[in-house]
Amino acid sequence: MLRAQFTHKGGPPDISLSQEKYAQALEDSEGLLWVDFQGESPEASEPVLLDIFHFHPLAIEDAIYQTHVPKVDDWESYLYIALHAIAYEAQAGELEMIELDVFMGANYLVTHHDLPIPALERVWESFQRDERYRKQGADHLLYLLVDELTVDFMKAVEEIDEEIGFIEDQVFEKPDNKTVKRIFALKQVTLHLRRSLSPTREVLNKLARDDYPMIDSRDRVYFRDVYDHFVRLHDIAESLRDMVGGVLDTYLSVVNNRMNDVMKTLTLITTLFMPISFLAGFFGMNFFQPVSAGLMSWTDNPSFIISMGIFLLTPVLMYYWIRRRGWM
Amino acid sequence: MLRAQFTHKGGPPDISLSQEKYAQALEDSEGLLWVDFQGESPEASEPVLLDIFHFHPLAIEDAIYQTHVPKVDDWESYLYIALHAIAYEAQAGELEMIELDVFMGANYLVTHHDLPIPALERVWESFQRDERYRKQGADHLLYLLVDELTVDFMKAVEEIDEEIGFIEDQVFEKPDNKTVKRIFALKQVTLHLRRSLSPTREVLNKLARDDYPMIDSRDRVYFRDVYDHFVRLHDIAESLRDMVGGVLDTYLSVVNNRMNDVMKTLTLITTLFMPISFLAGFFGMNFFQPVSAGLMSWTDNPSFIISMGIFLLTPVLMYYWIRRRGWM
Amino acid sequence: MLRAQFTHKGGPPDISLSQEKYAQALEDSEGLLWVDFQGESPEASEPVLLDIFHFHPLAIEDAIYQTHVPKVDDWESYLYIALHAIAYEAQAGELEMIELDVFMGANYLVTHHDLPIPALERVWESFQRDERYRKQGADHLLYLLVDELTVDFMKAVEEIDEEIGFIEDQVFEKPDNKTVKRIFALKQVTLHLRRSLSPTREVLNKLARDDYPMIDSRDRVYFRDVYDHFVRLHDIAESLRDMVGGVLDTYLSVVNNRMNDVMKTLTLITTLFMPISFLAGFFGMNFFQPVSAGLMSWTDNPSFIISMGIFLLTPVLMYYWIRRRGWM
Amino acid sequence: MLRAQFTHKGGPPDISLSQEKYAQALEDSEGLLWVDFQGESPEASEPVLLDIFHFHPLAIEDAIYQTHVPKVDDWESYLYIALHAIAYEAQAGELEMIELDVFMGANYLVTHHDLPIPALERVWESFQRDERYRKQGADHLLYLLVDELTVDFMKAVEEIDEEIGFIEDQVFEKPDNKTVKRIFALKQVTLHLRRSLSPTREVLNKLARDDYPMIDSRDRVYFRDVYDHFVRLHDIAESLRDMVGGVLDTYLSVVNNRMNDVMKTLTLITTLFMPISFLAGFFGMNFFQPVSAGLMSWTDNPSFIISMGIFLLTPVLMYYWIRRRGWM
Amino acid sequence: MLRAQFTHKGGPPDISLSQEKYAQALEDSEGLLWVDFQGESPEASEPVLLDIFHFHPLAIEDAIYQTHVPKVDDWESYLYIALHAIAYEAQAGELEMIELDVFMGANYLVTHHDLPIPALERVWESFQRDERYRKQGADHLLYLLVDELTVDFMKAVEEIDEEIGFIEDQVFEKPDNKTVKRIFALKQVTLHLRRSLSPTREVLNKLARDDYPMIDSRDRVYFRDVYDHFVRLHDIAESLRDMVGGVLDTYLSVVNNRMNDVMKTLTLITTLFMPISFLAGFFGMNFFQPVSAGLMSWTDNPSFIISMGIFLLTPVLMYYWIRRRGWM
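Chains as they are written, first to last, in my numbering: chain A, 1 to 328; chain B, 1 to 328; chain C, 1 to 328; chain D, 1 to 328; chain E, 1 to 328.
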């Protein structure tokens, strides 16, 4: 889908701009043109980017063919910025980064992405409704777009935080292989998150600090503000990663403890019953049968009383011995 | 709660300053105005900050809406500083960081926080009682406030240290799942602490080094002193983290050792009794019954004496064999 | 194998250039000579490099005798660049790095490698067929060669990614020693990959940034593009390494869990049968034989019914006790 | 204890200098005054430091009230240096760092510490006996003091090294909970050591490199020498930490191996005796009693011979089966 | 042993130079003097270094008394360089670093070491035989010496690599405590290696980059070459360390797996035989004796057939149940 909006001096937007009119719109130095490619095929995108906007072939290749970590390239009369929009589904535990390629010139913004991005959609609509989105040039529009992206990042981060808290409880209650699977899925999610946030932070740092002629010095303070958001997001992502690591360690400790308890019980039972089982077997031997020689007295009443005493005493003594060694 | 104190040339403070008089107080270049917002709603705070103090909207947004890692922003005629006050409850093992936003201008200090901060309260009271708190300008007042914050950090760090020592003892005595829970809670606490101390240290480094016009060069040495405190705090926090890590490793080793002991006992008991139980079972077979053919002699007296020998010798031999392999 | 191609002003290449004509070709400042040594012995290569191209003995030694991490050396009138071509066999899990030594001068490119490199082969053929490969000088030809190398890196990285996914599934299904072997082989592969990508990235960074006179400033943007590819490759390699680490942790957790299950069953069975086995042994003792004194009533019918009750009740009670402790 | 030594032009020291004479001694620009506070109360120290030496209140606070990581502060006419003296007791495995605060001016040295420091004591005595300690000014005296501190560090490091070697042997022989305790105590010791050495190294780096006017450029080479010592000490401390880590890993592997051996024995015994115990029990059933119907032949002589064969064969077969699986 | 060689303008070396002639040789600015101290006592070395070469006392102390990490000190008219020669014995798994102290002036080289160094011996002999070693000044001789040292490093690194491969195989075959010992010995070796290579690399980096007047700019390219060797060596050492870490992890996984197998067998055997052993015991009770009341029918032929069925069916059912849970 290829769509465009155009405003002259922040006036009401022209949303029915056909592709042929782009070049004309670009000539209006007081206008602001926003062209958005969503899921457009390379074959359809390339001619527009090349022939109308005259972007460098390598920049176009970056935008339409390849997957990138966030970065910003200065092509003198325009900036090429690769960003990530977050798409997190808490139920499935799946974190997807949607690449958003932005070309920003003095009076235009070109956005290119394969999948729909809710944050961009919200800014697109605000551009139509809200004068403030149209009035302050392409650099401020870029700021508003990036600021909106952080909202979704924040939300995803909070959901991941909740999920970790949920699993943390589960670990102490009923840990099994599914818990392991979820912990490792979360670990991948936090790694993925951190890997995207770190270069995005760098991009915003550059936009806030460097002297790109396209970015008004007055607007730089806004980018610094978004940069601070990303510093904080990165910080939280680090915390989340540490928390997931902690959950995994806890899980291993809990499983270990449980195994320990099981082993103690096994040992206790074995230790209590093995000696007296042997004794029962002993008196079941045929040496003490009526026919055998002279050993009948071993199965007399006094022997029986002694045996019963051993049967009752052995477990009690064993139990105290075990307690003294501190196992129970 | 919104409250203010004003002093002219360090004189006795006017503590009943109404909101309308703030603007007038700000015009007194030899005065010192301290306005404190505690748990005030954004709706009530924003107009004061915007209309009376004329702070930048982004700085106000930082202060009243958002949660931040400690940072310092230079807005030319004033500094915006985000700090953390610590709130640690040793019993619950809960560490909370209360955000404290400070705006510092040439002759005023504006503090904003959602929860009450004991350290700030102490400085607020000293400001009324003690002339030295009023005489040396807004930058020195800021120093006194930050210095007071470190006192609570120091105290929390000591409590955490004690708690670790306590758990360390417990690990060697009677470790269970509760011990694991406490260790992991402490791990989170130390991580949290470190994550807050690290940027706070940076903020104080900047205040001590950079040339902010609001900070008198004479006062910079005081900020360097607080900076040294935070360097030390950060250092201790690192130690605490390592110690918690050590406690966890110890715990796993102790549990492992205990398991080992349990297994050895199980094996010992099984090894001692299995062979002689079999023998008892052997002589309980019906082959040696009166009716059966020719095997009666197997249950004669000599056999019995030999069997008894085996019953007594087997455990002894087994025990020595096990000892020789070094298990006991 | 020693072979050469020569083009004058990007015209059709002369592919039958004998060794004697190299010096002459080098004098044509508008020509472009590409000489390729493949698996040539040092004795055969050295004189050509030394006498015709006049390379520094140390640079020649680097190229023909030694194995290097990727690097770039500036020898004033030419660059010596050591690169790696990847050779990954997914089935065997073997990753080989083939060293590719490149000398780049104003109007020539000398490549030296011991094993055939498919990417180089593809560029060699394109040079013959495609005018664009011949027209833009040695630096652009170097770019095309490096760009082609990244294609193979990308492919290998994808295959490793798939392999990891495959093993991840296996870990949850049927982990054994072979799984361990494959995980550790993959770990070595990702380490190897990262170790090669990291310096290669640096080489391209230098080619894109530094002012080597041999590299046209117009072409620097192309090297920046390849540099971005390697940044991304390095990033993916990091992810892969983390994923392999995660798989190993998962493996250990799964094995641990499985062991736990096995132990629980063992304990359950032992706990259920040991007490009743003892009881059976107890009533098998010869105290209750017809001939023995007065204890016959112990084997009366009421005793039997009570015993049967115990036989049935004990396992049931044991089972509930175990469940209550949360082991099953 | 407060004591002082004074020398004029390196002449014989005046060791009976009363507190009142300090000011006078300081005025002698060719003299060298060394004042040492040992375990002096803050109340007693502060006036001397403040009124006689005129140190900055913050520097005094650093010295007498607070605990610091090693650092150096430049107060223009003097340096404040916080250092650590090591106190290691090998038997108890306790490592203590004694803070040594030094103020160094053009012609004086003030040292402040709570506990006695043997290294300082040695230098104090040499100052009285040995002319070379008095002749080269305060900066050289500081060098001699720091150099003496390294001697104790070196000794402690060697003792720790020996202790690690001793425990390493123990781990392979008879590891128990006490071994774990000692390993973790050593881990803390090496962490503690490293944490102190790292900032001390920085202090000496500054003294050797920076242009403090109090330090003669001729003496800087001596501080570089001590700096090299601390680089090496830090390096050894790193090694020690790695070695302790290795000992812990070894310990866990050894315990694991031992557990494995124990389990194998348990399994072997159980596997050998369970089947034949069942068989013995089988032939002990009352089905084969004289009175029962037609099953008497099961306990005939041929059956007995077959049973005996099974009794002898089963363990042998089991044993070979276990061997073939590679467990013994 | 103290020995010396002298050459004038690269002419045949004078190898019988007595100690008294050193000073004279040093005055020949076109000569080249190489003095080697091997295992010489400090008492014998110090006067030569101090009185003839006039080295700084600290530099001499570094050379003859102390152990150092590799470093280079610029003493204006000469360089002091501490290097390591490697001595690795594969059989014993012992890695020793022999310190080699070098003083390099404009026309002399002084080497000092406690133990014989084969690499130095080889260069010493080449100096006598080969004119190229004598002709290019002290800096080139130093290069030749360092280059020769790398040969031994390379060899040691290869032997360690082989050793790791050997142990890796052993881990999958027959791991025991000896394997653990060898793995940890190798770990120490790789740590030791890395710790020596890292500063050596820095030393060569300095020699290749910095402007030491003693090093001819023409020779700097040779030091850069050796520097590249050490970069590579360091890189391999890192790989080796990772490989040893991998071997240890593999070892633990293999032992864990083995334990798992053993436990499964134990559980299988116990699970198969415990129920039927109980049943055998059950029918061995005296309730079913001829004299007891009315229970004789329990040992009738039909009961026997049912019991035999249970004896045969129980293990089969148990086995299938276990298989279904995926343990075998």
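Calculated directly from the structure, the hints in this document are not laboratory data. You may find that some hints are simply not true.
Said to hold, decoys possible - Per label pair, the in silico range of CB-to-CB distance:
1. E:Glu94 to A:Asp211: 28 to 36 Å
2. D:Arg132 to B:Arg224: 55 to 63 Å
3. B:Val151 to D:Ser198: 23 to 31 Å
4. C:Asp130 to B:Pro57: 36 to 44 Å
5. D:Ser198 to C:Trp321: 27 to 35 Å
6. E:Arg132 to D:Arg132: 29 to 37 Å
7. D:Gly39 to B:Arg224: 35 to 43 Å
8. C:Asp216 to E:Asp210: 14 to 22 Å
Stated by the list, open to error - Lysine-lysine pairs mimicking DSBU-like chemistry, simulated, CA-CA at most 35 Å apart:
9. B:Lys181 to B:Lys135
10. D:Lys21 to D:Lys181
11. C:Lys174 to A:Lys71
12. B:Lys174 to E:Lys155
13. B:Lys174 to D:Lys264
14. A:Lys71 to A:Lys135
15. C:Lys206 to A:Lys206
16. C:Lys71 to E:Lys135
17. D:Lys21 to B:Lys174
18. B:Lys181 to D:Lys178
19. B:Lys206 to B:Lys264
20. E:Lys21 to E:Lys71
21. A:Lys181 to C:Lys206
22. C:Lys178 to A:Lys71
23. E:Lys155 to C:Lys206
24. E:Lys174 to E:Lys71
25. A:Lys264 to D:Lys178
26. A:Lys264 to A:Lys178
27. E:Lys181 to E:Lys135
28. B:Lys155 to A:Lys178
29. D:Lys206 to D:Lys9
30. E:Lys135 to E:Lys174
31. C:Lys181 to C:Lys206
32. B:Lys264 to C:Lys174
33. A:Lys21 to A:Lys71
C-beta atoms are modelled at their ideal positions from N, C-alpha and C, and glycine is treated no differently.
Structure-based check of each hint:
1. A hinted range of 28 to 36 Å for the beta carbons of E:Glu94 and A:Asp211 is inconsistent with their spacing of about 59 Å.
2. About 37 Å separates the C-beta atoms of D:Arg132 and B:Arg224, a value inconsistent with the hinted range of 55 to 63 Å.
3. Between B:Val151 and D:Ser198 the beta carbon distance is about 27 Å. The supplied range of 23 to 31 Å therefore holds.
4. About 57 Å separates the C-beta atoms of C:Asp130 and B:Pro57, a value inconsistent with the hinted range of 36 to 44 Å.
5. Range check, D:Ser198 to C:Trp321: about 56 Å between beta-carbon atoms, so the 27 to 35 Å window is missed.
6. The beta-carbon spacing between E:Arg132 and D:Arg132, approximately 48 Å, falls outside the hinted interval of 29 to 37 Å.
7. At roughly 28 Å, the beta carbons of D:Gly39 and B:Arg224 sit outside the given window of 35 to 43 Å.
8. Here the CB-CB span from C:Asp216 to E:Asp210 is close to 32 Å, at odds with the stated 14 to 22 Å.
9. A C-alpha spacing of about 50 Å is found between B:Lys181 and B:Lys135, which places the hinted pair above 35 Å, so the restraint is violated.
10. Among the hinted pairs, D:Lys21 with D:Lys181 is inconsistent with the structure: their alpha-carbon atoms are about 53 Å apart, more than 35 Å.
11. Between C:Lys174 and A:Lys71 the alpha-carbon distance is near 42 Å, which puts this suggested pair outside the 35 Å criterion.
12. Restraint check: the Cα-Cα separation between B:Lys174 and E:Lys155 comes to about 52 Å, which exceeds 35 Å; the hinted pair is violated.
13. Pair hint B:Lys174 plus D:Lys264 holds up; C-alpha atoms about 29 Å apart against a cutoff of 35 Å.
14. Simply put, A:Lys71 and A:Lys135 have alpha-carbon atoms about 27 Å apart, close enough for the 35 Å limit, and the pair holds.
15. Among the hinted pairs, C:Lys206 with A:Lys206 is consistent with the structure: their alpha-carbon atoms are about 21 Å apart, no more than 35 Å.
16. In summary, the hint linking C:Lys71 to E:Lys135 is supported, as the alpha carbons are separated by about 31 Å, within the 35 Å threshold.
17. Taking the CA atoms of D:Lys21 and B:Lys174, the gap is about 62 Å. The hint is violated against a cut of 35 Å.
18. At most 35 Å may separate the alpha-carbon atoms for a hinted pair to count; B:Lys181 and D:Lys178 meet this at roughly 24 Å.
19. Between the alpha carbons of B:Lys206 and B:Lys264 the distance comes to roughly 61 Å, so the proposed pair goes past 35 Å and is violated.
20. Restraint check for E:Lys21 and E:Lys71: satisfied, since their Cα atoms lie roughly 30 Å apart, inside the 35 Å limit.
21. Between A:Lys181 and C:Lys206, the direct Cα distance comes to roughly 43 Å. Violation of the 35 Å bound is thereby established for this hinted pair.
22. Under the criterion of a C-alpha separation no larger than 35 Å, the hint pairing C:Lys178 with A:Lys71 is inconsistent with the structure, at around 41 Å.
23. This hinted pair checks out: E:Lys155 and C:Lys206 have alpha carbons roughly 32 Å apart, not beyond 35 Å.
24. With a CA separation close to 44 Å, the supplied pair E:Lys174 and E:Lys71 exceeds the 35 Å bound.
25. Restraint check for A:Lys264 and D:Lys178: the C-alpha separation of about 22 Å stays at or below 35 Å, so the hint holds.
26. Of the supplied pair hints, the one linking A:Lys264 and A:Lys178 holds, its CA atoms being roughly 26 Å apart against a limit of 35 Å.
27. As the CA atoms of E:Lys181 and E:Lys135 are separated by approximately 50 Å, the hinted pair breaks the 35 Å bound.
28. Taking the CA atoms of B:Lys155 and A:Lys178, the gap is about 42 Å. The hint is violated against a cut of 35 Å.
29. Under the criterion of a C-alpha separation no larger than 35 Å, the hint pairing D:Lys206 with D:Lys9 is consistent with the structure, at around 28 Å.
30. Taking the CA atoms of E:Lys135 and E:Lys174, the gap is near 57 Å; set against the 35 Å cutoff, the hint is violated.
31. With a C-alpha separation of about 38 Å, the suggested pairing of C:Lys181 with C:Lys206 is violated against the 35 Å cut-off.
32. Annotation: proposed proximity of B:Lys264 to C:Lys174 holds, straight-line Cα distance about 30 Å (limit 35 Å).
33. Taking the CA atoms of A:Lys21 and A:Lys71, the gap is near 30 Å; set against the 35 Å cutoff, the hint holds.
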